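Novice: Could you put the whole structure together from the sequences, leaning on the hints where they help?
Letter by letter, the chains look like this.
Protein chains: 2
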Amino acid sequence: MSGQKTKAVYLKEYPAGMPADGDFVVKEMDVPSPGAGEMLCRTVWMSVDPYMRGRMRPDVKSYIPPFSLDAPLEGGAVSEVIESNIDGYATGDYVVDFTGGWKEYYLSKGERSQKVDPNLAPLSAYLGVLGMPGLTAWAGVTQILEPKEGETLFVSGAAGAVGSLVCQLGKIKGCRVIGSAGSKEKCDWLEKEAGVDVALNYKDYKNAGELTKALAAAAPKGVNCYFENVGGMHLEAALNCSALGGRMALCGMIAVYNNKEPEPGPSNLINMVGRGVMARGFIVSEYMDKAMEFAMEVAPLLAQGKIKFQESVYEGLDKAPEAFIGLFKGENMGKAVIRVGPDRL
Amino acid sequence: MSGQKTKAVYLKEYPAGMPADGDFVVKEMDVPSPGAGEMLCRTVWMSVDPYMRGRMRPDVKSYIPPFSLDAPLEGGAVSEVIESNIDGYATGDYVVDFTGGWKEYYLSKGERSQKVDPNLAPLSAYLGVLGMPGLTAWAGVTQILEPKEGETLFVSGAAGAVGSLVCQLGKIKGCRVIGSAGSKEKCDWLEKEAGVDVALNYKDYKNAGELTKALAAAAPKGVNCYFENVGGMHLEAALNCSALGGRMALCGMIAVYNNKEPEPGPSNLINMVGRGVMARGFIVSEYMDKAMEFAMEVAPLLAQGKIKFQESVYEGLDKAPEAFIGLFKGENMGKAVIRVGPDRL
Numbered sequence: 001m002s003g004q005k006t007k008a009v010y011l012k013e014y015p016a017g018m019p020a021d022g023d024f025v026v027k028e029m030d031v032p033s034p035g036a037g038e039m040l041c042r043t044v045w046m047s048v049d050p051y052m053r054g055r056m057r058p059d060v061k062s063y064i065p066p067f068s069l070d071a072p073l074e075g076g077a078v079s080e081v082i083e084s085n086i087d088g089y090a091t092g093d094y095v096v097d098f099t100g101g102w103k104e105y106y107l108s109k110g111e112r113s114q115k116v117d118p119n120l121a122p123l124s125a126y127l128g129v130l131g132m133p134g135l136t137a138w139a140g141v142t143q144i145l146e147p148k149e150g151e152t153l154f155v156s157g158a159a160g161a162v163g164s165l166v167c168q169l170g171k172i173k174g175c176r177v178i179g180s181a182g183s184k185e186k187c188d189w190l191e192k193e194a195g196v197d198v199a200l201n202y203k204d205y206k207n208a209g210e211l212t213k214a215l216a217a218a219a220p221k222g223v224n225c226y227f228e229n230v231g232g233m234h235l236e237a238a239l240n241c242s243a244l245g246g247r248m249a250l251c252g253m254i255a256v257y258n259n260k261e262p263e264p265g266p267s268n269l270i271n272m273v274g275r276g277v278m279a280r281g282f283i284v285s286e287y288m289d290k291a292m293e294f295a296m297e298v299a300p301l302l303a304q305g306k307i308k309f310q311e312s313v314y315e316g317l318d319k320a321p322e323a324f325i326g327l328f329k330g331e332n333m334g335k336a337v338i339r340v341g342p343d344r345l
Numbered sequence: 001m002s003g004q005k006t007k008a009v010y011l012k013e014y015p016a017g018m019p020a021d022g023d024f025v026v027k028e029m030d031v032p033s034p035g036a037g038e039m040l041c042r043t044v045w046m047s048v049d050p051y052m053r054g055r056m057r058p059d060v061k062s063y064i065p066p067f068s069l070d071a072p073l074e075g076g077a078v079s080e081v082i083e084s085n086i087d088g089y090a091t092g093d094y095v096v097d098f099t100g101g102w103k104e105y106y107l108s109k110g111e112r113s114q115k116v117d118p119n120l121a122p123l124s125a126y127l128g129v130l131g132m133p134g135l136t137a138w139a140g141v142t143q144i145l146e147p148k149e150g151e152t153l154f155v156s157g158a159a160g161a162v163g164s165l166v167c168q169l170g171k172i173k174g175c176r177v178i179g180s181a182g183s184k185e186k187c188d189w190l191e192k193e194a195g196v197d198v199a200l201n202y203k204d205y206k207n208a209g210e211l212t213k214a215l216a217a218a219a220p221k222g223v224n225c226y227f228e229n230v231g232g233m234h235l236e237a238a239l240n241c242s243a244l245g246g247r248m249a250l251c252g253m254i255a256v257y258n259n260k261e262p263e264p265g266p267s268n269l270i271n272m273v274g275r276g277v278m279a280r281g282f283i284v285s286e287y288m289d290k291a292m293e294f295a296m297e298v299a300p301l302l303a304q305g306k307i308k309f310q311e312s313v314y315e316g317l318d319k320a321p322e323a324f325i326g327l328f329k330g331e332n333m334g335k336a337v338i339r340v341g342p343d344r345l
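First to last, the protein sequences are chains D and L. According to our numbering, the first sequence holds residues 1 to 345 in order. According to our numbering, the second sequence holds residues 1 to 345 in order.
Rather than coming from a laboratory, the hints here were simulated on the basis of the structure. Computed from a predicted structure; not experimentally measured. Check the hints yourself; a few may be wrong.
Any copy, or any two copies together, can satisfy a pair, since identical chains are not distinguished.
Heads up, simulated DSS-like pairs for lysine-lysine below, C-alpha to C-alpha not over 25 Å straight-line [as the list claims (entries may be wrong)]:
no. : residue 1 : residue 2
1   : Lys206    : Lys260
2   : Lys5      : Lys109
3   : Lys61     : Lys221
4   : Lys184    : Lys7
Specialist: See the structure below:
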């Protein structure tokens, strides 16, 4: 591969507000050669995920550091091993890792790579329902919310990569499931394909008060469990409708990620006191040690057709910024993935 | 006692905003006679507590129902048994219960009464450090925050009945403790008597940004545990300074109890996600089954002088509304108690 040119996406500057195409730049470079203890990987599929917006703020304290402007962006990818100097990885293997996104070729030490079998599931599924978003959904449900049969689960961002699995795990655990999403098409999919009991198109509701009424009607016994992807009026409505002893898994608040000025939080946090509500923020890296348990539970459900998922596929590395920006415009159905290259060269 | 007149305090109307004297009315009535399975109790000490403000909203869903306008107010009291038709309770016994407050005499079925020994502690202590506020503090610390040695604990409302015990339990568990209170006198007591490492007079800080700077300086490793009594800019500052994996016990938000219009919450709830923060609202009734464990831990510490407490004493039932209103004006040092009658007639 020596001397061959390849591409990677850099952040030109940290976005102010909603990210735009101009915040990104595609740079050309030589395909690198693997040294001792390294392997050269070719990205086949890459992932864009809302959490990446948080890494585009240079001043935020979090479990993951901000992106640098001086290196390609990083993100989840499924890649083919092209040339390996690492025992256990051979040419033609497929790996999932958290650095291969936003580029066509890259070197890896294999430390955070996991081999995946292309015969068990479509390769892109390892970025979605069987990947990081899947583990996120499963961890929020099983490690934080712990819904009991007969309880009511409310999910915001319900048609997304994470939310759609949360909904279906909730149904499998015997919950009444209410999902919120941003289009009639998404709500139809939730009710007809994912089996949720009530899908609310949040664009039908002008404010937290209206959303509260709709949620209260859909959850007559109150909301026992809330899986938070959105924030803003969704959180306020969930707190208004929380049952006594409610639990909330705070996975993300996509509604506020692109605010230039801080947006005030809900005015009803006091409900947490009177109703004994527990809220737990989390990011998936806390639960990496549970990845095997997750796979053992979810992979068979997927194989049996008991869990459904959708993908929005973008073609080519150059489309990665567009796919990423689409996350915040509600343009994707299910998991957004970018096909960076063919399965085999 | 038959035919003798006595007094009780009623709510005249539900307060709008800050409660005022005119929201209360003292009514006269006959001292009742106990029937079968009842006892007549005479209130010696009564308690006023911030949570009562929540019961003065007719539309709030909570573990405890709103107060009625057609019955005397209720609250914690230490009372003397005057005449008993209940096995196990005899004339001259002292009991603590949750209904005897705001009145001079009342009938009890003894269902939620606990006998207390006047020789073990001053009777009023059973309404404070050894009573409901004490159990609240202990439960928040031991059942929710679970602080580890070397961690940093931040307490708002630190000089109050609950907060002052939280601070001292934190010190006993080996934490660095930072307390916030509303006067120099309270801060002096916290640093000199209660042993907190840094006391912040929140009135020195105009907004959440200024309080954040002061808290960050006092907590260079971040806040691992936050005990919330106040809300508003205190919660925002605590979220700004939260360490990864922080825990928050939400006991109350006294800053917002008297708002006529809902006050927006903090704009930085997203910090809970990136830092993996858990927040748990609670009220003390959830932890009644731990009352014995609490007493076994705290009573010896009190007897050994390892825990200090303060009281603001008001004389006479008529002063109860004033004492209650004083809670929201920051006028009390430590626990506010009202002496309704002498220990013995």
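Novice: Hint by hint, say whether it matches the structure.
Specialist: Each hint, compared with the structure:
Proximity of Lys206 to Lys260 under the C-alpha cut-off of 25 Å is found in both arrangements, the shortest distances being 22 Å within a copy and 23 Å between copies. With identical chains, the CA atoms of Lys5 and Lys109 are at most 25 Å apart within one copy only, with a shortest distance of 21 Å there and 86 Å across copies. Within a single copy, Lys61 and Lys221 get their C-alpha atoms only as close as 38 Å, which misses the 25 Å cut-off; across copies the closest is 13 Å, which meets it. When the C-alpha separation of Lys184 and Lys7 is checked against a cutoff of 25 Å, the pair qualifies neither within a copy, at 38 Å, nor between copies, at 62 Å.
In the structure shown, a violation is registered for the earlier hint numbered 4 alone.
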